[in-house]
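Build out the structure end to end from the sequences listed, making use of the hints.
There are 2 protein chains.
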Amino acid sequence: MSKGVEWAAHAAVMMIALPEGRGLKAEALARYHDVPTAYMAKQLQALSKAGIAQSSRGAHGGYRLAKPATGISLWDITAAIEGHAPAFRCTEIRQNGPCGLKRKDCRNPCQIASAFAVAERAFRDSLKTVTLVDLAAQVLQNARPEQLSDVGNWLESETMPLSDTS
Amino acid sequence: MSKGVEWAAHAAVMMIALPEGRGLKAEALARYHDVPTAYMAKQLQALSKAGIAQSSRGAHGGYRLAKPATGISLWDITAAIEGHAPAFRCTEIRQNGPCGLKRKDCRNPCQIASAFAVAERAFRDSLKTVTLVDLAAQVLQNARPEQLSDVGNWLESETMPLSDTS
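Those protein sequence lines, which keep their order, are chains X and P.
Heads up: the first sequence begins at 1 in UniProt numbering, then just goes up one per residue.
Heads up: the second sequence begins at 1 in UniProt numbering, then just goes up one per residue.
Just so you know, the hints here were simulated from the structure itself, not pulled from any lab data.
Some clues are possibly wrong.
Intra- or inter-copy, both count: the list cannot distinguish identical chains.
To be verified - As a list, the in silico EDC-like pairs of lysine to aspartate or glutamate whose alpha-carbon atoms are at most 20 Å apart:
1) Lys-104 to Glu-146
2) Lys-104 to Asp-150
3) Lys-102 to Asp-150
4) Lys-102 to Asp-34
5) Lys-3 to Glu-82
6) Lys-102 to Glu-146
7) Lys-3 to Asp-76
8) Lys-3 to Glu-92
This one's a predicted model, so the numbers in the text were calculated from it and none came from an experiment.
What follows is the structure in structure tokens.
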């Protein structure tokens, strides 16, 4: 799994705290997490494409969440960055070689592929139960008051009004 | 996930059918599955290193399972090929940037990393419930008699006695 999932998840949790109608530039979100701007921008674009974030164009372009955080799960973030393709890709090698099965006898998935599909569903279902709100709540529960104050001050100085979002 | 997991899983299921003391060359297992010998050999070496397969050296070198198939799960095969490292790697970016947490406040894992750890455990636990015996039983249930006969004949002509296994 790429680092982008970690970055996108942290950026998405951060965006919960944005006041109505305001956003953060990709550059600010990158600086907040001390990661390269270009790569953070790439993750934010992927979140936008997946309908998780929305952006405004132009010199004052910025990002905010596109929908309520209760409706955004860690699986949504993961799929936005890594795609929906299964990790195990069955190439039907049971049809190969001197004793290969005939295609017409392979209407059901291969047992090995089926077992991986079950395991991947368990992974996905687990991530689907965790929303951005759950993650933010846990961050708040563990934060010291002075950390919250630092984050609040930083947000106040960095957020900007978003217009013409897409 | 690499194709090697698929190949190793199919090869391991095939090796269940080997008579006591007999094995198959990497070249034969590659030919049976119509995949490149060098890459199949690499997967078999990984299975050996993980204690799942055993090999004999020399011109008559070959592979067989190193332990009862009831004790070999699809997770064992996956870990032998892909390693045990988690798919999600936390780089502790919560400690980064202008509002980064202090290291001493990060004794507990990051909430995002924890959620991925739970999901990966669900994936792993699911694969652990599926043994080579389960997979082989499903193959047998779905096979036509003539397919079993083909496989039996192929095994009879390709297996060889193994000695000096390691």
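**Request:** Give me the numbers of the hints this structure contradicts, sorted from smallest to largest.
**Result:** none
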